[in-house]
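2 protein chains.
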Amino acid sequence: MSYLVGVDIGGTNIVCGLVDLEYNLLKTLKQPTDRHLGSDHVLNKLVSMIDELLVSAGVDRSQLKAVGAGIPGFVDPKQGQVIFNSNLGWSDLPVAQIVSEKLGGIPVFIDNDVKMYVFGEAMKGAGQGAGVVHGVTIGTGLAAATVANGELYYGSGYMAGELGHVTIDGEKTPCGCGLTGCLETVVSATGIARQAREALEAGRDSLLRPVFERDELTAAEVSKAYDEGDALAHEIMNYTGKVLGKGLAYSISLFSPDVVVIGGGGALAGDRLLKPMREVLERSVYKGYLERLTIKIGELIDHGGVIGSAAFANSNVNK
Amino acid sequence: MSYLVGVDIGGTNIVCGLVDLEYNLLKTLKQPTDRHLGSDHVLNKLVSMIDELLVSAGVDRSQLKAVGAGIPGFVDPKQGQVIFNSNLGWSDLPVAQIVSEKLGGIPVFIDNDVKMYVFGEAMKGAGQGAGVVHGVTIGTGLAAATVANGELYYGSGYMAGELGHVTIDGEKTPCGCGLTGCLETVVSATGIARQAREALEAGRDSLLRPVFERDELTAAEVSKAYDEGDALAHEIMNYTGKVLGKGLAYSISLFSPDVVVIGGGGALAGDRLLKPMREVLERSVYKGYLERLTIKIGELIDHGGVIGSAAFANSNVNK
Chain A
828 MSYLVGVDIG GTNIVCGLVD LEYNLLKTLK QPTDRHLGSD HVLNKLVSMI DELLVSAGVD
888 RSQLKAVGAG IPGFVDPKQG QVIFNSNLGW SDLPVAQIVS EKLGGIPVFI DNDVKMYVFG
948 EAMKGAGQGA GVVHGVTIGT GLAAATVANG ELYYGSGYMA GELGHVTIDG EKTPCGCGLT
1008 GCLETVVSAT GIARQAREAL EAGRDSLLRP VFERDELTAA EVSKAYDEGD ALAHEIMNYT
1068 GKVLGKGLAY SISLFSPDVV VIGGGGALAG DRLLKPMREV LERSVYKGYL ERLTIKIGEL
1128 IDHGGVIGSA AFANSNVNK
Chain B
828 MSYLVGVDIG GTNIVCGLVD LEYNLLKTLK QPTDRHLGSD HVLNKLVSMI DELLVSAGVD
888 RSQLKAVGAG IPGFVDPKQG QVIFNSNLGW SDLPVAQIVS EKLGGIPVFI DNDVKMYVFG
948 EAMKGAGQGA GVVHGVTIGT GLAAATVANG ELYYGSGYMA GELGHVTIDG EKTPCGCGLT
1008 GCLETVVSAT GIARQAREAL EAGRDSLLRP VFERDELTAA EVSKAYDEGD ALAHEIMNYT
1068 GKVLGKGLAY SISLFSPDVV VIGGGGALAG DRLLKPMREV LERSVYKGYL ERLTIKIGEL
1128 IDHGGVIGSA AFANSNVNK
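Just so you know, the sequences run in chain order A and B.
Heads up: the first sequence runs through residues 828 to 1146, numbered per our numbering.
Heads up: the second sequence runs through residues 828 to 1146, numbered per our numbering.
Please keep in mind that the hints were generated in silico from the structure rather than gathered at the bench.
If you're wondering where the values come from, they're calculated on a predicted model, not measured in any experiment.
Hints may contain errors.
One copy or two, it doesn't matter: identical chains are merged, so the pair holds either way.
No farther apart than 20 Å at their CA atoms in a straight line, the calculated lysine to any residue pairs in the SDA-like style are these [what the hints assert, rightly or not]:
(1) Lys-1114 <-> Asp-996
(2) Lys-929 <-> His-868
(3) Lys-929 <-> Tyr-830
(4) Lys-872 <-> Gly-1003
(5) Lys-1114 <-> Thr-1007
(6) Lys-999 <-> Lys-1069
(7) Lys-1114 <-> Cys-1004
(8) Lys-1114 <-> Gly-1005
(9) Lys-1114 <-> Cys-1002
(10) Lys-1123 <-> Ser-913
(11) Lys-1114 <-> Tyr-850
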């Protein structure tokens, strides 16, 4: 029997998962990335983790068909190279080749972590069986990717899908990308907390004031205040959902997906964001799209990256 | 030697072109569509035109490798079927099969006319040699299509690319699609003329008043008044260019093209639209995209549909 390993390399933790050829996740292993020790250390650790995972599952290395790894930042999947990752401090690093050599020649494929997550949802999650899946992850920032007929859409320079960096009329917050008023300055955990902070600084009355004064204001706190009926939290979540709808209206009209998957921590906000988002879509997307479209919360929020990476490796090794 | 024929079936005229395998257009033939005589008549006429074109060029039917035809409206290119075309009055019509049979089995491929045009620009025009080409045609309406690595991006239901039907904040004009304030209610010949008409109805002073009063207000007249320094015409072209920029900012961030091609009659407006468009792109698209991107006026404005249809047929017959 053959197996795959999917890996999610984050700034804080590495998660490895043993996955069968039907993309069922059989076992996982999670360890700190220790990025401060450098890329050599991190990639050696990754290989040890894969071996440990295989041993614990009673699987021999010879049964390992391929390994996939999702990594944040700019990744060239064809060359198997991390072009730039500010968080890990890696640049022009041929990760696929290095890890493959350390594993005695087992094929290794890498891609951007959001692309891997969306690929996972398309293959085994909320988009399974659909022709075109557009996935949006809402976390610290906002990112998107599209899988059409089992293939990720890349665009020039593998740069497609920066829905987080389209600008929104009337928004003035400077974004890390150099622009002003990017969608992710509103629709992200950071953006939700920022909106609350700015309103409280301006003197708005809200249940959020105590956490603001303890400097503990987060998107999760805004969600909590929303559930307690706080007016400011309602305004913020409504507006954030509407801005998400504005952006998605473009994604839908340009990519014509069968399924839109909302993932990342922001998916936990559920209808607090999705209800106002749907209201905007109803009035700003041609009904021919909405009739064929399903919008879903991701089904693989926790392990989509691991499953997606394994599926991506399998799909590439079969080419 | 083998040849291709590309066809552009419009509501008014049919244009057939003889094209070699390097996609050079050798000869064209244009005749009225006579759509009121029905689809049988139109398709018989098309076949006669192809034969006439071949005879006049001294090419034998046996040298004809494939025929491609671009048709407005919803087309299913895989089935070779026109799903719906309001202008010609065709629905669920298997055009590719009918024409192929009439031509004694020569392979025939059809697709939407804008997709064919953009495919032509990607293969032999402004996007030749580029990996990802996003094309926008500005005419009576506005449509878009994307060619990535020699393949059209279709989306679910072949419905991708409706950049003309994303809604623009603050716009209130009802659109034929059922929405309000669609991008093409502004960025199109119709939209430009409408803006001028509404301003003149509201009493605005402008060089356009005489043509307005003769009921001869068109986008071309607005362009002419622009060149004569008319303030209203400048406002309208500036605003139209800005709205085009807002829409294209999404196309660029989502598709990451190497080349954006502006085609259709609106391309004749040139910098009157492109200058304000570029200003919007500079402040609303991540510079990493703009650095790798070239924005061009289409090079095949007149015959892109014919060349694209021929290239599309060749690309499909080789599959």
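- Should Lys-1123 paired with Ser-913 be assigned to within, between, both, or neither, using CA atoms and 20 Å as the limit? neither (31 Å within a copy, 34 Å between copies)
- Between Lys-1114 and Gly-1005, at a C-alpha cutoff of 20 Å, which is it: within one copy, between copies, both, or neither? Classified as between: cross-chain Cα gap 8 Å, same-chain 35 Å, threshold 20 Å.
- Given identical chains, is Lys-1114 near Cys-1004, meaning Cα to Cα at most 20 Å, within a copy, between copies, both, or neither? between (34 Å within a copy, 8 Å between copies)
- Task: At 20 Å max between alpha carbons, let me know whether Lys-929 reaches His-868 within a copy, between copies, both or neither.
- Result: within (12 Å within a copy, 68 Å between copies)
- Item | Lys-1114 and Tyr-850: within-copy, between-copy, both or neither at 20 Å Cα | neither (34 Å within a copy, 38 Å between copies)
- 20 Å Cα threshold - placement of Cys-1002 relative to Lys-1114: between (33 Å within a copy, 13 Å between copies)
- Which holds for Lys-929 with Tyr-830 at a C-alpha limit of 20 Å: within a copy, between copies, both or neither? within (18 Å within a copy, 53 Å between copies)
- Query: For Lys-1114 vs Thr-1007, is the C-alpha pair at or below 20 Å within one copy, between two copies, both, or neither?
  - Reply: between (32 Å within a copy, 12 Å between copies)
- Is the C-alpha distance from Lys-999 to Lys-1069 at most 20 Å within one copy, between copies, in both cases, or in neither? both (17 Å within a copy, 18 Å between copies)
- Query: At most 20 Å between C-alpha atoms: does Lys-872 with Gly-1003 qualify within a copy, between copies, both, or neither?
  - Reply: neither (31 Å within a copy, 59 Å between copies)
- When no copy is named, should Lys-1114 and Asp-996 be tagged within, between, both, or neither for a Cα gap of at most 20 Å? between (24 Å within a copy, 19 Å between copies)
Hint check: violations occur at hints 4, 10, 11; the rest are consistent with the structure.
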